[in-house]
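S.K.: Given next are the chains, with one letter for each unit.
Protein chains: 2
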Amino acid sequence: MSNDNAIFVGEKPFMNYVTGVVMQFTTKGASEVIVKARGKFISRAVDVIEVCRKRFLEGKVDIKSINLDSEEFENKDGKLVRVSTIEIILKNN
Amino acid sequence: MSNDNAIFVGEKPFMNYVTGVVMQFTTKGASEVIVKARGKFISRAVDVIEVCRKRFLEGKVDIKSINLDSEEFENKDGKLVRVSTIEIILKNN
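Chains as they are written, first to last, in the working numbering: chain A, 1 to 93; chain B, 94 to 186.
Errors might be hidden in some of the hints.
To be verified - Pairs of lysine-lysine residues, derived as DSS-like cross-links and limited to a Cα-Cα distance of at most 30 angstroms, are as follows:
(1) Lys-184(B) with Lys-91(A)
(2) Lys-91(A) with Lys-12(A)
(3) Lys-64(A) with Lys-133(B)
(4) Lys-28(A) with Lys-12(A)
(5) Lys-184(B) with Lys-64(A)
(6) Lys-105(B) with Lys-36(A)
(7) Lys-121(B) with Lys-64(A)
(8) Lys-76(A) with Lys-36(A)
(9) Lys-157(B) with Lys-147(B)
To be clear, the hints were calculated from the coordinates, so they are not data collected in a lab. All values reported here derive from a predicted model rather than from experimental measurement.
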């Protein structure tokens with residue numbers, strides 16, 4: 001699966017992400033779309049999935065898999081920081 | 094599985110939830126623990142899981158399943174509101 005099908009949820013308006021997912025499935029004919037997020041945007045990614053799955057693409061898509069992970073990195077003060085990540089794959093029914 | 098093994102993540106201090114999960118597996122000898130959250134606390138629930146899985150219970154527990162869902166209800170202004178939910182089951186290795 002190419003990265004073109006990946007949507008990274010951040011601080012843009014909520015409906016941008018929903019439209020992005022819907023367009024991948026409809027206009028671009030994707031069979032799978034990956035929705036990714038980090039840290040506090042994980043909740044938002046779940047909202048995007050739920051709105052797509054239960055409203056805009058109701059009965060048309062389902063969750064194929066959900067992966068949780070975390071990354072560690074040094075912040076600007078040299079302190080080790082951990083951030084959680086989520087990757088949800090939606091598939092065509 | 095009884096509800097005693099369920100931990101609902103909200104606005105208490107972060108380590109309360111981590112300790113809660115760790116205690117279920119260690120002191121109480123649970124084979125599975127469910128971590129649940131709604132709305133903005135979903136990100137936090139994922140953080141709890143990641144800290145348990147990669148630090149405090151490293152190599153001892155793994156994710157058995159992850160379920161996303163959403164609930165609709167009327168808020169105090171009579172408006173229909175949707176909130177996302179997550180349910181993550183951790184199991185003993």
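S.K.: Hints numbered earlier in the text: which of these fail when held up against the supplied structure?
M.R.: 7
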